[in-house]
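Could you slot chain B onto chain A? The hints should help.
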Amino acid sequence: MSSTLIKCFNLAKAAGNVTVRRFLAGPMQSWQACSALALQTPLAQMQMHTSPVRRDLMEFFDDKKNWSETEVKVGRAWRTEELRIKSNKDLHQLWFVLLKERNMLMTMEHECNDKMETFPSPERIDKVKISMENLETVVRERNKAYHLLETGETGERPQKPVQNALGLKINYKTCEHALPPFMNLKWIKSRNIGFGGRAVNRFLLKYREKLYNAKRKAKNRSRNEVMMILRRNPNFDLGVLRRQFPDVDVEKLRNEDKVRGHYVPKVGV
Amino acid sequence: MSTRWYPIYQRGNPQLRVFLPNFWMKLIRPTEEQPPNVVTFSVSMEMTKYDVRSYLEKIYKLPVVDVRTRIALGETKKDQTYGYITKKDDVKLAYVTLPREESFVFPDFFSEKAEKQAKEEKSLDESKEGFRRFLDRNKKRPGTPGWFSI
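So the sequences go chain by chain: A and B.
Mapped onto UniProt numbering, the consecutive letters of the first sequence carry residue numbers 1 to 269.
Mapped onto UniProt numbering, the consecutive letters of the second sequence carry residue numbers 1 to 150.
Check each hint, because a few of them may be wrong.
Said to hold, decoys possible - Under the rule of at most 30 Å between Cα atoms (straight-line distance), these lysine-lysine pairs were calculated in the DSSO-like manner:
hint	chain 1	residue 1	chain 2	residue 2
1	B	K61	B	K49
2	B	K140	A	K115
3	A	K129	B	K113
4	B	K61	A	K64
5	B	K116	A	K73
6	B	K92	A	K100
7	A	K73	B	K78
8	B	K88	A	K100
9	A	K129	A	K115
10	A	K186	A	K210
11	B	K61	A	K89
12	A	K64	A	K115
13	B	K61	B	K77
14	A	K100	B	K116
15	B	K58	A	K89
16	B	K119	A	K65
17	A	K115	B	K119
18	A	K115	B	K92
19	B	K87	B	K49
20	B	K139	B	K113
Just so you know, these hints were derived from the structure itself, not from any lab.
Bear in mind that the values here come from a model prediction, so they are computed numbers and not experimental data.
Next comes chain A alone, as it looks inside the complex:
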């Protein structure tokens, strides 16, 4: 199906007809399901729904027929598994199609906001965004695979955990510098600021306390929840509880006072 789509795209390009909207409008459509053979004839190209290519500023605007609509129906976003089976060239072409589509949608949204009108089908922007993210994921995967094969490294931007000026741990994404570290005076000076001093220590103390409290409260909450469940349902499945609340000691809680309901326990039955 997707190879058909590629052929559709290439044929359409050869004929000088490219519909931008077509790429957004879901990769699986009935007209695309026609066999690749049928597309070899120019007649088949005539049957395909394409609009003439626009090479002017009107590319920044939606189709004229959608201007006064309150809803524009489009397909879904591209999925990663669909993009994975595409060639690099196709992905590259699709990126620019999506880029143009996004520009168009953003332009229309801006104008609608300006004129106090509702922008029809705003989910289109999200769909394009998701498609672009998925496409980038696929390209990144290929990059990684290539680099691992050729160099033994992923080729991703190197990262390392460092402490910032407040002594908090952050993930620092390394970047290239024109100067080596010992010559980079500006950088050396910036490092001298460092964390330390009473204010920072006090801040760190309180910050850690806050984190600890959040953790403690979450723990208490789940503990109480387990106790209330056991109180209301004395025969509750303990395995389910253990799975649901892995950090709660269910066996220990069973003997708690809070777990016992407001009834006289049946002794010796």
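Using the frame of chain A, we list chain B on its own:
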């Protein structure tokens, strides 16, 4: 290297190429009166004049004569009740000059919208009216289907 990570600029050729540009450009309605061949864009903050030019020339195949950019300061607003201050984001505007013979008028999207809405409302009113008539007719014989009498 990853798709969003490029080595720093080095002099000489060949230069690095951007394979998956992430820049966006919005064509916006100019606030002031402009010559017919000048178009206003709102662009990604990272874009330079050269970026704008090559973006339009390579991706949109538009002839560009000149590009000027400026960063418009976002509006600062003080809250009426609580007095805190909010600021809208700054935007980069690009004024692109096309060749002299080109002319562009920003289209009006919503001229037909009111007409269409009025038409829709009219049909809705008509169907409401029809239903009301049906109810009136069936007031004395509830539960009778619509096809029972003419």
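Hints and how they fare:
no.	hint	result
1	K61(B) <-> K49(B)	holds (16 Å)
2	K140(B) <-> K115(A)	violated (51 Å)
3	K129(A) <-> K113(B)	holds (28 Å)
4	K61(B) <-> K64(A)	holds (21 Å)
5	K116(B) <-> K73(A)	holds (18 Å)
6	K92(B) <-> K100(A)	holds (19 Å)
7	K73(A) <-> K78(B)	violated (40 Å)
8	K88(B) <-> K100(A)	holds (26 Å)
9	K129(A) <-> K115(A)	holds (24 Å)
10	K186(A) <-> K210(A)	violated (35 Å)
11	K61(B) <-> K89(A)	holds (20 Å)
12	K64(A) <-> K115(A)	holds (17 Å)
13	K61(B) <-> K77(B)	violated (40 Å)
14	K100(A) <-> K116(B)	holds (29 Å)
15	K58(B) <-> K89(A)	holds (17 Å)
16	K119(B) <-> K65(A)	holds (17 Å)
17	K115(A) <-> K119(B)	holds (21 Å)
18	K115(A) <-> K92(B)	holds (21 Å)
19	K87(B) <-> K49(B)	holds (26 Å)
20	K139(B) <-> K113(B)	violated (39 Å)
Hints 2, 7, 10, 13, 20, counting from the list given before, are not met by this structure.
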